[in-house]
Amino acid sequence: MVAREAAAVATPAEARAAGLDQEDLLLIYRHLLVTRGIEERGHILYRQGKIPGSFYTGRGNEAGAVGVGFAMGLDDVGCPIQRDMGVHIARGTEPWRIFAQYLGRVDGFARGRDGNVHMADFRLGLVAMVSHLPAMAPVAVGAALAFRLRNQPRVAVAWSGDGATSRGDWHEALNFAGVRQLPVVFVIDNNGFAYSTPNALEFPSGRLADRATGYGFEGVVVDGTDVLAVHREARRAIEKAREGGGPTLLEIVTLRMEGHAVHDDAFYVPKGLHEAWAKRDPIERYRAFLAEHVPGFAEERDDAIRLEVKQLLNEAVRRADESPLPDPATVLDGVYVDPAELDAPHHK
Amino acid sequence: MVAREAAAVATPAEARAAGLDQEDLLLIYRHLLVTRGIEERGHILYRQGKIPGSFYTGRGNEAGAVGVGFAMGLDDVGCPIQRDMGVHIARGTEPWRIFAQYLGRVDGFARGRDGNVHMADFRLGLVAMVSHLPAMAPVAVGAALAFRLRNQPRVAVAWSGDGATSRGDWHEALNFAGVRQLPVVFVIDNNGFAYSTPNALEFPSGRLADRATGYGFEGVVVDGTDVLAVHREARRAIEKAREGGGPTLLEIVTLRMEGHAVHDDAFYVPKGLHEAWAKRDPIERYRAFLAEHVPGFAEERDDAIRLEVKQLLNEAVRRADESPLPDPATVLDGVYVDPAELDAPHHK
Amino acid sequence: MAVRTYLQAISDGLREEMRRDERVFVIGEDVGVYGGAFKVTQGFQSEFGPWRVLDSPLAETAIVGACTGASMMGMRPVAEMQFADFVSCAWDHLVTVAAKQHYRAGSPLPFVVRLPSGGGFSGGPFHSQNPESSFAHIPGLKIVCPSTPEDAKGLLVEAIRDPNPVLYFEHKHLYRRIKGEVPEGDWTIPFGEARVHRAGSDLTIVTWGAMVHTADEAAARAAERDGTSVEVLDLRTITPWDRTAVLSSVARTAKLLVLHEDTRTAGFGAEIAATVAEEAFELLDAPILRVAAPDTPVPFSPPLEKAFIPQVDDVLRAIDRLASY
Amino acid sequence: MAVRTYLQAISDGLREEMRRDERVFVIGEDVGVYGGAFKVTQGFQSEFGPWRVLDSPLAETAIVGACTGASMMGMRPVAEMQFADFVSCAWDHLVTVAAKQHYRAGSPLPFVVRLPSGGGFSGGPFHSQNPESSFAHIPGLKIVCPSTPEDAKGLLVEAIRDPNPVLYFEHKHLYRRIKGEVPEGDWTIPFGEARVHRAGSDLTIVTWGAMVHTADEAAARAAERDGTSVEVLDLRTITPWDRTAVLSSVARTAKLLVLHEDTRTAGFGAEIAATVAEEAFELLDAPILRVAAPDTPVPFSPPLEKAFIPQVDDVLRAIDRLASY
Ligand SMILES: Cc1ncc(C[n+]2csc(CCOP(=O)(O)OP(=O)(O)O)c2C)c(N)n1
Ligand SMILES: Cc1ncc(C[n+]2csc(CCOP(=O)(O)OP(=O)(O)O)c2C)c(N)n1
Ligand SMILES: [Mg+2]
Ligand SMILES: [Mg+2]
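Chains as they are written, first to last, in the working numbering: chain A, 48 to 395; chain B, 48 to 395; chain C, 419 to 743; chain D, 419 to 743.
So here's chain A without its partners, still in its complex pose:
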């Protein structure tokens, strides 16, 4: 293996070295709970027939997503994908608007024009994904090019699944970013599968992160169940990019604890894998870390945070449900841009 294998973060001191104080540690915990909670609620709403279309979750990838999202700077930009709810949460996305998105309401980020996690709050520097994978990787590179052209100390982050790395867009993005040493970090959520297709049928053996050298930058592999290790590596990569050090390819070895989407029972997954993964639940792992290292956590903070999150989500679902469905008369609106929008404040 050419890529660097990142070590675990085992102590608060190590987390501190990566810039996290105790409040951060608890905030990360909260983000993890909100992330999972949103998808669990969504799942229930879907089963109740309230969410149109299909439904995907990132269960098992919460730590990977929150870890990177938390490492990004305020003015950084990212293109998260289908397992990256945690990025939206860590960046401050309002949960009620995510439910409104799921439900196809006007207050969803896509205003009912798109569903699922095909959404983003652009004011938080996030870009709404399209289905076609990994079509947003070249977009992130373009954002990084804008930063480079303007000499801004900003970084773009592009996510891709393991499966999506097989597509040409991914290659074109990494190559271009490598040639120009642009401030962009490429993250792979490698959860072992692309739908039913295992890694072995997606790419030749070895780690995807090894491909980074071919693109002129460093590859790093990190355990996606270790939110603090993910955070540390993401932060390193982002700050390196910010300082002109060029791109990094960060492969997060993560879990897909459920099927590809709700309709998929993942019968094709090797026997025992789901059970093994359940034991490696990233949120449980982090909870154990906090229980060990944060005084009072197991005794009261944990319960208090859980309660708070529960209330937040109740309220979010309620508020989302008040949001109206879009008026069919508006179907044509927004295909083209009103020139006035161009100078709106969110468009920097």
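Simulated from the structure, these hints should not be mistaken for lab results.
From the three backbone atoms N, C-alpha and C, an ideal C-beta is built for every residue, glycine too.
Worth double-checking, as some hints may not be accurate.
Said to hold, decoys possible - With a cut-off of at most 25 Å between alpha-carbon atoms, the simulated BS3-like pairs for lysine-lysine come out as follows:
| no. | chain 1 | residue 1 | chain 2 | residue 2 |
| --- | --- | --- | --- | --- |
| 1 | A | Lys-318 | C | Lys-457 |
| 2 | D | Lys-457 | B | Lys-318 |
| 3 | A | Lys-97 | C | Lys-724 |
| 4 | B | Lys-97 | D | Lys-597 |
Claimed, not checked - What the simulated footprint calls covered on chain C by chain D, stretch by stretch (three residues with Cβ under 8 Å from a Cβ of chain D suffice, anywhere in the stretch; the number is not a length):
| no. | region |
| --- | --- |
| 5 | 606–618 |
| 6 | 633–647 |
Claimed, not checked - Some chain B residues judged to face chain D by a derived CB distance under 8 Å, without partners named:
| no. | residue |
| --- | --- |
| 7 | Tyr-93 |
| 8 | Gly-210 |
| 9 | Val-378 |
Chains B, C and D with the ligands: place on chain A using the hints.
Using the frame of chain A, we list chains B, C and D with the ligands on its own:
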């Protein structure tokens, strides 16, 4: 560097070890002369206004192209590109039909429907390139897949320029071939430039052949001015693929002794490069090798072969010029296939 | 004849061709163990093995490019796009290589790309499209859009045997909803022959795919309501398309409505209208109307999607306009 | 006003916008040191530096994707495809991401892709195409096809300032052949306004790009020959297109010929014909004719290419058919 760097072939014994007897050595020489001769004649015809459109040559790449073409087996298949006239020649393409192609005549391989080196004699296992680079790489992989499905001991060869490796098609082709370990050899004609763009602006530093490991197979770099080394490495790669050993990425470090096309004086090439390249002319190098190692070559064989080639080309131009221009009434013919064609003998 | 769903008919046709002709193989994302996103190839891998039912990487150009290369070598590949929408990732390969190779180089490319297309279930902008119109403009490709189980099987088998690259659009919303009798065994339908789905005399609706059923329902309601007699012509194939059938129906009815699920501007409906406006000008008693989706991406939320996809009522309104002209 | 070639007018417009607005930058293959395959950006890199005139790798999706990302961040990128034909390699990005992003996500994407298009010089199947019709079917993109130096500059500047992704088709065969007076300095032409290239009363030709000149020559010859008065309407932009101008010209002439260099079936001409057949049915005195290239790849050899690209004589024949109807 991860890729293996191939050694030069310095003696006839080494060539013999790669399967070449003395007649082969002279045949290769003849192929080199025919290759260059066709492009030189074409160039003159173009300047005389007889060839429509634009005109490209592979001057400097003759050894790379002939070396690989000569290493292919009778039933192997290849998708050569714009600098690979030598592949067509080494496989037995009739020169007069190439001139007919240049001139847009009905006896050109494209029957006037396409020009330039966008041609191939399919009966010789060659596939006509399209302009879009490297769009034929996935096609070669598909041919290799057919061989694998039928358990045929056949190999496909896919060429690409250095510039064209930046495109998604190249990545998709290599990845798929790597996953399935298909019998295909990927050749890169790395002549240092993509039109005016130097390697440094096409891909990050390092050798392109290094990327092979990321695709699960071996990368080899070979000096494209050494026709025998190219042949040996191509043969190794092809036979390895034939025996089930999977793909190889063969980077041929070659020369573009002229501009991108006839209209391009290559003003952007670093001062002195053309002069340095002229001294490394692959045909001169091979001639010197033969003069040193083949008795009677310098004295008579060389002249005899040159004369024979000259006559061949004179005759080829004459014959091509007798071929009629296509009848405009046929413009619609051949958009779709006549079902009867499907069982024509060339279609195996 | 057995009653089969539209989806089963597709499966049957494919399976039978694979049994009949060992050159036929299937390639695509999750077509193997999983049996395809819609289960069209369920059980195929156990019958034909992991190479003839080949799970590809997530790479549409690699998939379709492999079809080009393998078919050039005499195989008969059938690719599956997981959703028709993703064929955009193989657009260049299809229009640049596959569509032009025979004209330029004389190599037949007998392959099929299966494209689960169409909306109606909140699939959103990337799981609901009908990209047939884009390809209909590209010489060298053939385009098939069946609307019934019988046609689905007959046209798929024909597509596999056709020596050209064929895009076979199968409408997802018909998969399990539409059932019908399907001939068993060898069964093909020639390309370029429209089918009178419903005979009528007052006006002609030309359509294809899922809209055949929308047109039929509208026609039934019009007949019931006031006796308006609507002919519904199902084109079945877009390239080639049956100009003769359209022109002769219009010669009888003198009124034409073109209906498609894809967006309106520069959709294939325009070609039909333009052809009739050129070749049947004297026969027309009314403007040629088009009913199609508005020019937007396919919206996700149900009220928007309903406003987007042509509904029976939209067709009825157009029927009324024509009938009263 | 100065007399400029079509190519110089494009260069001028781009250079002036780059001077005026530092957010404008150029990206493409060989646009820098080399100045672009057609020398549109010659000298730009010395004036604006290697980052604002950026030589990209050979990777069209990376190029257009970079425009999407950079424009999303507030830049005003102008990409060059080396030939319009190669935009097929960025098709997916354009139709999937760029065209739909504002509708879905509300982000304006103010970028331009310059596309040297068209045939007439034996460029063959991959260096001669006019792919505007394919894109005209995709909601969310704007499409510009200037035919004169004046329009070329005015529409390019407008395109750069437009908040949407704009495909700017510049016809290679006009580059050095067509000269004309071009306003100096700031000069824009709004999208969606057709231009009467030649006024007339007997019939209307609607066209764009290089075919404007073919139509004009045919019209001149028709007038000379027998006084037939042909109106030539240059659409200038395809999306949006000026329906009002077309309909009002047809209201006067009652006869319509649509002419384009791209292939016929499902070309944008069909949309114009279909629209008129629907909206101006009562006004028409003759069938709507289309003159376009036949449905084949663009052939290389001169006699075939001439048979492919609509010629003045082809247009004259259609004029005669309409005039005598
Ligand atoms: C270009 C493209 N082809 C096919 C699909 C259909 N599809 C959706 S998700 C998926 C698997 C993606 O796998 P991976 O990239 O590993 O991401 P994961 O879902 O495992 O997070 C596929 C094939 C798609 N979204 N895009
Ligand atoms: C997809 C695509 N984009 C652009 C071009 C235009 N073009 C023709 S050759 C060329 C340079 C190719 O460079 P390289 O691959 O190194 O091959 P070389 O010409 O040096 O042999 C370019 C940009 C093309 N043919 N295909
Ligand atoms: Mg995955
Ligand atoms: Mg090169």
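For the pair supplied as a hint, D:Lys-457 and B:Lys-318, confirm whether the alpha-carbon distance does not exceed 25 Å.
holds, 22 Å
CA of B:Lys-97 to CA of D:Lys-597, is that 25 Å or under?
violated, 28 Å
Under 8 Å is the threshold here; is the Cβ of B:Tyr-93 close enough to any Cβ of chain D for the hint to stand?
violated, 11 Å
Hey, does the B:Val-378 contact hint survive, CB to chain D under 8 Å?
holds, 4 Å
Satisfaction of the B:Gly-210 interface hint, Cβ to chain D closer than 8 Å
holds, 4 Å
Measure nothing beyond the straight line between the CA atoms of A:Lys-97 and C:Lys-724; if it is 25 Å or shorter, mark the hint as holding.
holds, 17 Å
Satisfaction of hint between C:Lys-457 and A:Lys-318, Cα-Cα up to 25 Å:
holds, 22 Å
Do three or more residues from the region 633–647 of chain C put their C-beta atoms closer than 8 Å to C-beta atoms of chain D?
Violated: only 0 residues of the region 633–647 of chain C have a Cβ under 8 Å from chain D.
Just to make sure I understand the rule, a stretch counts as covered if three or more of its residues have a C-beta closer than 8 Å to a C-beta of the chain. Does the region 606–618 of chain C meet that for chain D?
With 0 residues close enough to chain D, the hint is violated.
When each numbered hint is compared with the structure, violations occur for hints 4, 5, 6, 7.
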